[in-house]
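Spelled out from the first residue to the last, the chains are:
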Amino acid sequence: MSNENPLRNEIVTEEKKTKKKKDSASTLGKSKTLLATPYGLWMAAFIIIPLILVLYYGLTDGNGNFTLDNLSLIANPINRKALWLSLKLSLISTAICLLLAYPLALVLKSMKLKDNSFIVMVVILPMWMNFLLRTIAWQNILEKNGVINTILEALHLPALNIINTPTAIVLGMVYNFLPFMILPIYNTLAKIDDNVINAARDLGANGWVTFKRVIFPLSMPGVISGITMVFVPSLTTFAISTILGGSKIVLIGNIIEQQFQKLGNWNTGSGLSIVLMIFILVSMTLVAKYDKDSEGTNAW
Amino acid sequence: MKKKLSLILSLVLTCSLMLTGCGKSNGNSDNSGDNQLYVYNWGEYIDPEVIDMFEEETGIKVIYNEFEQNEDMYPIIKTGAVNYDVVCPSDYMIEKMISEDMLYELNYDNIPNIANIDETYLKSAEGFDPGNKYSVPYCWGTVGILYNKTMVDEPITSWGALFDEKYSGKILMMDSVRDAYMIALTYLGYDLNSTDEAQIDEATDLLKSQYPLIQAYVIDQVRDKMIGNEAALGVIYSGEAIYTQRENPDLEYVVPEEGSNVWIDGWVIPKNAKNKENAEAWINFMCREDIALLNFEYITYSTPNAAARELIEDEDIKNSEIAFPDASILSRCKTYNYLGEDMDTLYLNKFNEVKY
Chain P
124 MSNENPLRNE IVTEEKKTKK KKDSASTLGK SKTLLATPYG LWMAAFIIIP LILVLYYGLT
184 DGNGNFTLDN LSLIANPINR KALWLSLKLS LISTAICLLL AYPLALVLKS MKLKDNSFIV
244 MVVILPMWMN FLLRTIAWQN ILEKNGVINT ILEALHLPAL NIINTPTAIV LGMVYNFLPF
304 MILPIYNTLA KIDDNVINAA RDLGANGWVT FKRVIFPLSM PGVISGITMV FVPSLTTFAI
364 STILGGSKIV LIGNIIEQQF QKLGNWNTGS GLSIVLMIFI LVSMTLVAKY DKDSEGTNAW
Chain G
7 MKKKLSLILS LVLTCSLMLT GCGKSNGNSD NSGDNQLYVY NWGEYIDPEV IDMFEEETGI
67 KVIYNEFEQN EDMYPIIKTG AVNYDVVCPS DYMIEKMISE DMLYELNYDN IPNIANIDET
127 YLKSAEGFDP GNKYSVPYCW GTVGILYNKT MVDEPITSWG ALFDEKYSGK ILMMDSVRDA
187 YMIALTYLGY DLNSTDEAQI DEATDLLKSQ YPLIQAYVID QVRDKMIGNE AALGVIYSGE
247 AIYTQRENPD LEYVVPEEGS NVWIDGWVIP KNAKNKENAE AWINFMCRED IALLNFEYIT
307 YSTPNAAARE LIEDEDIKNS EIAFPDASIL SRCKTYNYLG EDMDTLYLNK FNEVKY
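Top line first, the protein sequences correspond to chains P and G. Using our numbering, the letters of the first sequence correspond one by one to residues 124 to 423. Using our numbering, the letters of the second sequence correspond one by one to residues 7 to 362.
Warning: the hint list may mix true and false statements.
Pairwise CB distance ranges, derived in the manner of DEER restraints [to be verified]:
(1) Leu178(P) with Tyr362(G): 51 to 57 Å
(2) Glu55(G) with Ile285(P): 31 to 37 Å
(3) Thr408(P) with Asp207(G): 51 to 57 Å
(4) Leu178(P) with Glu303(G): 47 to 53 Å
(5) Leu214(P) with Thr64(G): 55 to 61 Å
(6) Val243(P) with Thr201(G): 36 to 42 Å
(7) Arg257(P) with Met59(G): 35 to 41 Å
Hints listed in this document are in silico derivations from the structure and should not be mistaken for laboratory results. A virtual CB, placed ideally from N, CA and C, is assigned to each residue, including glycine.
Okay, chain P solo, but in the shape it has when bound (with noise of 0.2 Å):
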């Protein structure tokens, strides 16, 4: 925020005093806490709510007596199992993803589009088809007759055969959600002051000092909450894990959706579920600490 006008602040606030002397003073906070209850309600009632049933079910056995069984399934070998190839395969995408999006950023800043909506609409655009619809137009391309292998067969070269691995799991995490990744880079990217960066080289610092003093720490609630956005995601999916893995990889996701739907034991998988969001739960704070100067709030 300190970034921004201070002259626009002004404008906001000379704006703020107009309208404060139309209304009065207790009428508008009234009409604000009004214009809050929609969204109140809809937070009790599609998160707040659904996370106590989670919590209940994790915390109590079919019969609804109090049980820590349920979290304790993780450490069953297969769920464990589950759970580390999940971390491992999402930790991979979300560096993958970062590497791929914070050069991008950066040259998206760099390129001053006056009309940066191209830019964005670039990012956007696939994200109008259904992610589903996305994973599944990459399984016909990765496939063994797929897109790809036809055309390197036409060149007679070697067949690429990474569907049904690992590699296409990471491929698809990565390809459906880069866009959450590179937008909040770049806004933050964007929103950095010419004048600070040009102030840094002016003291003497060169390229890779203003990057590394400047620019990296100013965009770091971007990065946080770039990395936040893919990360997630990618912990928890089974659908990806079931399209491109041709379900011979089994992830903590596939896991819960199975308590669910194939046992219909809600107990067992919102215990699961509890521990995943245990662990995301650490994961970001970890993350966050790195993250000194961040504002708090918007990185989340």
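Keeping the supplied structure of chain P fixed, place chain G upon it in accordance with the hints.
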């Protein structure tokens, strides 16, 4: 308990909707009164025209919804989230619902067309519904191997082909716990409804040894992959086999000599149905020969309706070994039984073990 909680949840939701001023007073939970019928069927499992015909002839308004698998349907019926009047689950699920006292007994006075259903299938159905008290068969089929004649050396006759290293990377296995274990257990010579842990462990070891040979575990995708020559062998339901053969004449379907599963999906009326008589009218309508024929031609799953089979004009289909296997093949096949929650969990855990 689940029921109570979902009730609370739906109450809260309704309240919040009313508070925001767009609440219709409990619109979808109240389906009594009017001349309606709530039908819950598998996806792509009926000729849509049939629904219109039923509405036209009876004046009953049909609200038609679809589910993907038995396990999706079960919690909806169990919690009473929607009061469906007539549902079409598979054999083992019908058995489970009977054991949990979730179904009404049918009044056959309202279903005279039951006479069209072949005795053989009613008898098979007694495996999960003794006395045919609760269900009327709708479709049935077998599980078998679909293979590509140009990609295998000899005609496939045994489940053994799925465990043959020769076909490494060209095998599509069924990604459904019961079907995968049915194959392994039958190949080992055990009962496909085995609850003996030593036998299940042996089957698990066999499936583990098969894992490296498998291209992918699939259910519905087997169709497109086999049509596209992605694999040499795939496990498939007989109803899908006819369709794939139409698309790719190189494909051949076989029920292996060791035996297999024969499954039956049947119409049942859940206890929370509000329009039981309409539901029986629906079941009776589905048993009518011309309707069964329309459905058969649309979905290509075998019909137990003997009168409808007589009406099939295409001789090839009428005498198709896939759609209507002869008694010697059927005698090798068994229906699944519901094995209880603990066995279900055991099977699923073992199957996950296979994938590691």
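Hints and how they fare:
| no. | hint | in the structure |
| --- | --- | --- |
| 1 | Leu178(P) with Tyr362(G): 51 to 57 Å | violated, 29 Å |
| 2 | Glu55(G) with Ile285(P): 31 to 37 Å | violated, 44 Å |
| 3 | Thr408(P) with Asp207(G): 51 to 57 Å | violated, 42 Å |
| 4 | Leu178(P) with Glu303(G): 47 to 53 Å | holds, 51 Å |
| 5 | Leu214(P) with Thr64(G): 55 to 61 Å | holds, 59 Å |
| 6 | Val243(P) with Thr201(G): 36 to 42 Å | violated, 58 Å |
| 7 | Arg257(P) with Met59(G): 35 to 41 Å | holds, 39 Å |
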